[in-house]
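2 protein chains.
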Amino acid sequence: MTEVVGGRRSGGRAARQAARAISNAVSVPYITRKMSPFEVLSEEHLSLIEENADTVLEQVGIDFRDTPEALTLFRDAGADIDGERVRFPRGLARQLVQASAPAQFTQVARNPENNVEIGGMNTVFAPAYGSPFVYDLDNGRRYGTIEDFRNFVKLTYMTPFLHHSGGTVCEPVDIAVNKRHYDMVYAHMRYSDKAFMGSVTHPSRAEDTVAMARILFGSDFLEENTAIVSLANANSPLVWDSTMLGAAKVYAEANQGVLITPFILAGAMSPATVVGAATQTLAEALAGMAFCQLVRPGAPVILGSFASSMSMQSGAPTFGTPEPALILYVMAALARRLGVPFRSGGALTASKIADAQGAYESANTMQPTMLAGVNFVLHTAGWLEGGLSMGYEKFILDVDQAAAWHAFAKGVDMTPNGQAIDALLTNEPGVHFLGHPHTLANFEDAFWRSSNADNGSFEQWDLEGAKDANQRANAVWKKMLADYEPPPIDDAVDAELLEFIERKKDSFPDSFS
Amino acid sequence: MTEVVGGRRSGGRAARQAARAISNAVSVPYITRKMSPFEVLSEEHLSLIEENADTVLEQVGIDFRDTPEALTLFRDAGADIDGERVRFPRGLARQLVQASAPAQFTQVARNPENNVEIGGMNTVFAPAYGSPFVYDLDNGRRYGTIEDFRNFVKLTYMTPFLHHSGGTVCEPVDIAVNKRHYDMVYAHMRYSDKAFMGSVTHPSRAEDTVAMARILFGSDFLEENTAIVSLANANSPLVWDSTMLGAAKVYAEANQGVLITPFILAGAMSPATVVGAATQTLAEALAGMAFCQLVRPGAPVILGSFASSMSMQSGAPTFGTPEPALILYVMAALARRLGVPFRSGGALTASKIADAQGAYESANTMQPTMLAGVNFVLHTAGWLEGGLSMGYEKFILDVDQAAAWHAFAKGVDMTPNGQAIDALLTNEPGVHFLGHPHTLANFEDAFWRSSNADNGSFEQWDLEGAKDANQRANAVWKKMLADYEPPPIDDAVDAELLEFIERKKDSFPDSFS
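So the sequences go chain by chain: A and B. Taking the numbering used here, the leading residue of the first sequence gets 1, the next gets one more, and so forth. Taking the numbering used here, the leading residue of the second sequence gets 514, the next gets one more, and so forth.
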C-alpha cells in the first residue's frame, strides 16, 4: 500500500485507511456480477403478480394530476381516460414499455472512463440521496449546506467503490430552494468527473439541468447520449403528479434517463403485505415508464422500487427488516421479466447513528440489493435516519462495504489457480500454507481487505484507544477531504457554466436568495 | 404486547423490549425455510471440487494421529494405511458417509416441544461457542465464569429465537479445566430445557456427558435417540487428532451427533483461495464423517465448515468478508449433494465490540448462513472478537436479528390475503391504506418488529438519551436475567445428576479444583 495520498506524504493509521478507501487497485467503472440472482418466487407466482398489477391498472387505474398532456398521450395510445384517471386495457402499459424502453443503456460521464452501464448484469453504486440533515461525530446532526454537498461529491469522486456521483447527496439548505439546483448540478460537474443525477423538484429545474449538461457535453453529443439520470417518485397509491412527471417529461424528451420509482411505506401507501406492495409498485412504475416511452420512444427508464415496512405500532418507517428485503427480491425479478434496468436498495437504516442498528439494517438491505441483482443502487453510502440525514462516518463505513461487494460479485474463481489443487497436493498434512509458493503467489490479492475493520488483538486495539468503527471512519473522511484535488475541466466550459448560473440566478427576485 | 414479564408487572422501555425479545408470538422449535438456497456455482463446478477433494484424499491422504483404532477401521474399510496416514481410494470416503449417515435427524430436548430437526430445509439457531472472555458495557472485557455461562444458558432459554442451548457458551475459567464440563453440561440440563451440546475436550469428558444424558433421559431412551450433538474440529490441514476424534468416537458409539468441522483460516491452514479452502474442508470432513460411520453406521453427523480469510498483512482472521461467504455458499451446496446436514456461519465478527464493524460483519455472515440454507447455526448470538469474547449486548442484538430471520424464512405470502388484490381494487388513488379493512385485519402480524431498533424521530431519540443499540440492549439482558425462572425438573433426576457430579469431581486430586 502506498503511504502517499493525493501527492502528499502522510503517515499514521488514518492515512493508511484513507489510502485503502481510495485505492484503485480493483478500480472498475461499475460492477459486473458473475452469479445469477437469488429468487424468492417461481415464474408462475411472478406472472400472477403481473396479472394482478394489470387488474389494478385496468379496474382502478392511475391518477395523472395536473398533467393534461399525459392524459392526451395515454388517450391516443388506447387508454381509458376519466377525468384525471387513466385506466389501461390489460397489457397496454407493459406493451408501451417493452416496445421501446432499452434493457440496458450507457450513462456517459465527462470522464469517459467513468461511463456506467445501467442494466443487465451490471451494478452501479451511487451515494445516498435527499437528506436535509448531515451528521458527523464532531458536530452531530445539523442542516446540510452547500459545503457539505461539495464534500460528499468530493468524497464520492475520490473512492473507486462508488461509480456515480449521485444527485441530492444532501440538501444545501443554505441556498434558496429555487436556486440551489444550480449549485448542486455544478458541484457534480466541477468537483467530480463521474456521472450524475439531475434536478426533479420542478420541470424548469430539469430544463436547467439539461441546459447545463448541453454546456458541459455539447448539445449534439447530449442528443445522442444519456448523460443525466433523474429520480421521479410516484405519489403512491396510484398517483403521478405534475412536478415529478413534468421533470420526467423534460428528461425523456432530451433522451435522458429517468428512475421511475414508487416510494412505498407499506401499510400506509400500499396494502400491508409484500405482494400487495410489489403489485402496486409494478402498476405505478409501468404507468410512469409508459408515459416516458410515449414522450420519447426509447428514452432510458429504470424501474425503481423503494419500499419500507411501516411500524404498525408507531407508524414509523423501518429498514433492513425482512419484508422490504422480500419486496426487493420480488421487484428485481419482475423488472428482469419486463426487460428494463432496476433500481432499489442501498445501505438503508432508520438509526440516527452508524451504530449496530445502523450497520445491521444497512447490511440487511445491501445483501438483497446485490443478490437480487439491482442495476442502479441509490443510497449506497451515507444514509442515516430513514434518509433524513447523511452521515460522514456512515459514508466511509458504507464505502468500505461497497468495496467488499466488488470482491463478492466476482464470484468463485474456478481457474486452476483458484482450485489450488497443485498446492493441496504438494503440502503435507499438518504443515501450514503460509510459505507455500501458491500462497506467496496469491499474497497480495487473495482476500478482500477492509479499510475500516480492526482485525487485530484486543490488547492492541485497546492500546490504540479502543476506537470504534465510527471513530476510525471520522479520521478517514477528514484525511480524504484534506487530500482532495479536483479533476481538470476545460476553463472555457467552466466559465460558460458559471456565467449560465449567474445569469439564471439573477433572473430571480432578490427575496428568494 | 404484554407488560407482564415473568409473572411480575414491570414498566418502561427496557421492559417492553425485553418482552418483545422473549415474545413467543411466532414461537417455533426451529426454522423451516420456504425458499431454495442461493447458488454460486454450477453443478459441474461443484462436481469438479468433489473430484479434487477425492484426489487429495487419494494422493495426500489424512493423518489420524494417536488413533490406532481409526487406522484399523479405515484399513478394514479398504483405505491405504501408511504410518498414521490414511489414503482413500477415489470415492471411498463419500461411499462410507452416504451408505449410512442420515440426511436429517431429530435432536431431542428434555422438553419435547423443543426437539429440533437437523437437516433438510430446517435451520436450528444456537448461541456462540467457545470464548474465554465475556464482554458487557458495564464491566468491559473479562474472563468468563460459571455465572456468565449460566447467564447465557438462561438468556438462550428465554428467547424463542434461539432453538438450541449450544455448548461452551463461554469458558467458565473459574472452574478447573478437568471439572468444568460437569458444571457446563449441568447448566444446560438444569437451567434450560432445550437441546444442548456435549464436551469434546477429552474422550473421558464426552463419556461424562453421555453418562449425564443417560441420567436425564434414561439409558434406553438415549440408545434410541440423539440428545447430544458435539463439535469436533479437524487440525487443518489434513489432520485429525486423538482428542477430537476420541470424543467423536464416544458420541458416535452412543448414537449421538457429531459436527465434523474443519476450522480453516484460509491462507494459513489451507490454500488462499475460496475453492482451495472448500476442497480441503470437504476432504477433511469426509474423512471425519467416514470415521464416525465406521464407528457406528447411522450415527448422526453434520458436515461443518468454519472458514475465515486471513489478513494477508497481519495474519489476523477476518470475518464478514466476501471470501468466507463464498466458501459458505460452496460448502452448503456440497453438503446438499452429499446428503448430510450442514453447519456453518453465525453472527461472526472480528470486532471487539458490537459497533458498526461488529454488526456489518455479523450480518454479512448471517445472510449467507440463511440464504445458503445452513441447518445448524452455531454462533448465532453473542460472538465478538473472532470468538474470543461473548458479548451480553451483542447477544441481545444478534437474537433480534435471529428473530428477523424467522420472518424472512417464511418467504413470500402468495395467499389471497398476501396478494391483497381486493384491497388494491377497493382503494382509491391518493387514499392511504391505514384505515382499510385489509390493513386493520393484518395490523398485528403484517411486518416483523425489532425488539431493539429505534425507528422513531431523531428528536424523540435524542430526548430519551440518544442511546445507541448497545445501550438499549444492555437494559434488555439485565431485565431478562432478573425475570428468569428455571424450567421444572424432576427432583430425583436433579439429585442424581448432582450426586454424579459430586462423586466424579471428588475423584480428582484437590490440586485441580
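Some clues are possibly wrong.
Which chain B residues face chain A? A few, computed with CB under 8 Å, are given here [claimed, not checked]:
#	residue
1	S540
2	V541
3	P542
4	Y543
5	T545
6	Q572
7	A959
8	W961
9	F971
No lab work stands behind these hints: they were computed from the structure. Fair warning: this is a prediction, and the values are worked out from it, not measured in the lab. Glycine included, C-beta positions come from ideal geometry on N, C-alpha and C.
List in ascending order the numbers of the hints, as given earlier, that are violated by the structure. 1, 2, 3, 4 and 5
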